[in-house]
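Residue numbers (numbering that gives the first Met the number 0), protein chains in the order written: chain A, 0 to 277; chain B, 0 to 322.
FYI, nobody ran anything at the bench for these hints, they're computed from the structure. In this text, all values refer to a predicted model and were calculated from it rather than measured experimentally. Each residue gets a CB set at the ideal place from its N, CA and C atoms; glycine is no exception. Possibly wrong hints are sitting among the right ones.
Which residues of chain B face chain A? A partial, calculated answer using Cβ under 7 Å [to be verified]:
# : residue
1 : S40
2 : S58
3 : P235
Beyond 12 Å from chain A on every Cβ pair, some chain B residues (computed) [stated by the list, open to error]:
# : residue
4 : Y103
5 : P104
6 : I119
7 : D122
8 : M274
9 : V278
What follows is each chain in one-letter form.
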Amino acid sequence: MTSEFDPARLAAIARDLRVLILRMIANAGSGHPGGSLSAVDIITYLYFRHLRIDPERPHWEDRDRFVLSKGHCAPALYAALARRGYFPEAWLWTLRDVGSPLQGHPDMRKTPGVDMTTGSLGQGFACAVGIALGARLQGKTYRVYAMLSDAELQEGVTWEAALAAAHHRLDNLIAVIDNNRCQTDGFTADIVAVEPIDEKWSAFGWDVQRIDGHDFVQIHAAFQRALQPRGRPHVIIADTVKGKGVRSMENRPEWHAQPFTPEQAEVFIGELFEGGSS
Amino acid sequence: MPLKTRYELNLGMATREAFGRALVELGRENPNIMAVDADLSKSTFTHLFAKEFPERFVSCGIAEANMVGVAAGLASHGKIPFAASFSCFLLNKAFEQLRVTVAYPGLNVKIVGTHSGISIGEDGPSQMSVEEISLACSLPGFVVLAPADEVATRALVRAAAEHVGPVFIRTGRPRVPVIYSPDQRFEIGKAIELVEGSDVTIMANGLMVAEAIRAAEALDAEGISVRVLDLHTVKPLDREAIRKAAEETGAIVVAEEHLVDSGTGVRVAQAVAEMHPCVMEFVGIQNTYAESGPPEALLEKYGLTAPHIAAAARKALARKRGR
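Build out the structure end to end from the sequences listed, making use of the hints.
So this is what it looks like as structure tokens:
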């Protein structure tokens, strides 16, 4: 989208998407709220300000591609796709049910707007490298975005893909790491530490930026910079908060995949940014 | 022709939970027992072991290939590591390590896959393991176990620890009916006859055993005498039980929560073809990935419930009788 950069507008959209995420997961009875809420500000920026896409033509061959390598956070993507008009919002209330076009993890054959099937950590990112390589081979100018989680960096294939992308100087590839510092079993630093993340990616030959992943001004600046070709792939390490926006969920690993009822969801929605947080 | 044994089939715990509890019991008895996990310890129930024996628990992070390599290393100097994760990640992401660093040297590693089959439900196909019996059975020297309930799981986890060599144990996410009494004896490679019968044999494992019993009860009401065998060991198969079923009932149905063209059924068919060819029918997932949904709805939609097994048994019987 080429509209003016309006952080207040983006914040309002992100708040709406958070409401959809919470209601969607509650209605489904299962899902991954914590990581969906940490990722949703960046997804909002991409889908409502940045990506060159056309919801009327989900298979437009020159569109930018977005690969949600941390596929368990599909609710954040589905909320954005629905709000951008890829499919009716009513579909959100079928998430995870038999016959639904919205699978528990992203499915490129069932959901308009999903560019790659994901759900096994590490794999989506490698696919993004392949998409970026393919774009260059075909002389296409679109860009490829991949969103990873910090704990996804524990998967070996992530680093195989990172090496390959740098070797091929894929500056049409932009990786975003949703660094919410939590995973299923606890804090990433306590399971298998991945920091210092920025130094690792620098050593692998990537153009590295590190930002607050909930600050739209910083997000905007980072993605604008990543549009400049530098002969290297770009990575934006976005420091985020798991469960961001719902005070009682924030920074608590147990909200990785804990279910909650529709009644609880409304309580969480009442908590959204209470106390004036961004 | 009433069934000799009636099964209450009351809901028990999930086989993954039974595994986690059994591992704690083993840990108390044998200091060489260890657990390695890939950031799913609460789901695989190895967190119970981690809590009681933190020094014998290794968290490998989201890195299944590395986890199996670490387990192989631990086994190489006398530890008995149980490596647990969702079956889909463990068998698919670490298959190369299972092949070259576990199966090939024959190291004493126990691989426990949880959330197997489509009964993981809402998480969807990327998390559904429908091919791991095939993969595990393709590894020379591996013992492959698929327990049906909490009693079987507890006993077979124990048997796996006592067996020297690589073992794969397939467990599931949902709670499943209790079939066995607590004192039931289990032996690797020895099928258990749950229902006596002479017209047709249903062989099943995992959560399909309860469905097979329900199918047998329905068929019994129609005057069809059904034998039900729990093939809790897929490798090595109980060839003697299979030979007897082929000879004595002349019709076999194999029911499994797995791709139908590469799992228990084809292995039984090979044994039947070698020893005593007879009519066979197969109940399983038909050359497709499933979808997100509640487990019960998926099992019904993808043909894995008692009525589907009963229909296959009727078909097998009709073919046997030349109709």
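Hints, verified against the model:
Proximity of S40/B to chain A holds as hinted, the smallest CB-CB distance being about 5 Å (cut-off 7 Å). The interface hint given for S58/B holds, since its Cβ lies 5 Å from the closest Cβ of chain A, which is under the 7 Å cut-off. About 31 Å separates the beta-carbon of P235/B from the nearest beta-carbon of chain A, more than 7 Å, and the hint is not met. Against the 12 Å criterion, Y103/B stays outside the reach of chain A, whose nearest CB is about 20 Å from its own CB.
At the 12 Å boundary, the C-beta of P104/B stays outside the reach of chain A, the nearest C-beta of that chain being 21 Å off. Some Cβ of chain A comes within 12 Å of the Cβ of I119/B; the nearest lies about 9 Å off, and the non-interface call is violated. A cut-off of 12 Å between C-beta atoms contradicts the statement that D122/B is not in contact with chain A; the least separation is 4 Å. The beta carbon of M274/B sits about 40 Å from the closest Cβ of chain A, which is more than 12 Å, so the claim that it is off the interface holds.
With a closest Cβ-Cβ approach of about 33 Å to chain A, V278/B is found to remain outside the 12 Å limit, as its non-interface label requires.
In summary, the structure is inconsistent with hints 3, 6 and 7 from the numbered list given earlier, while agreeing with the others.
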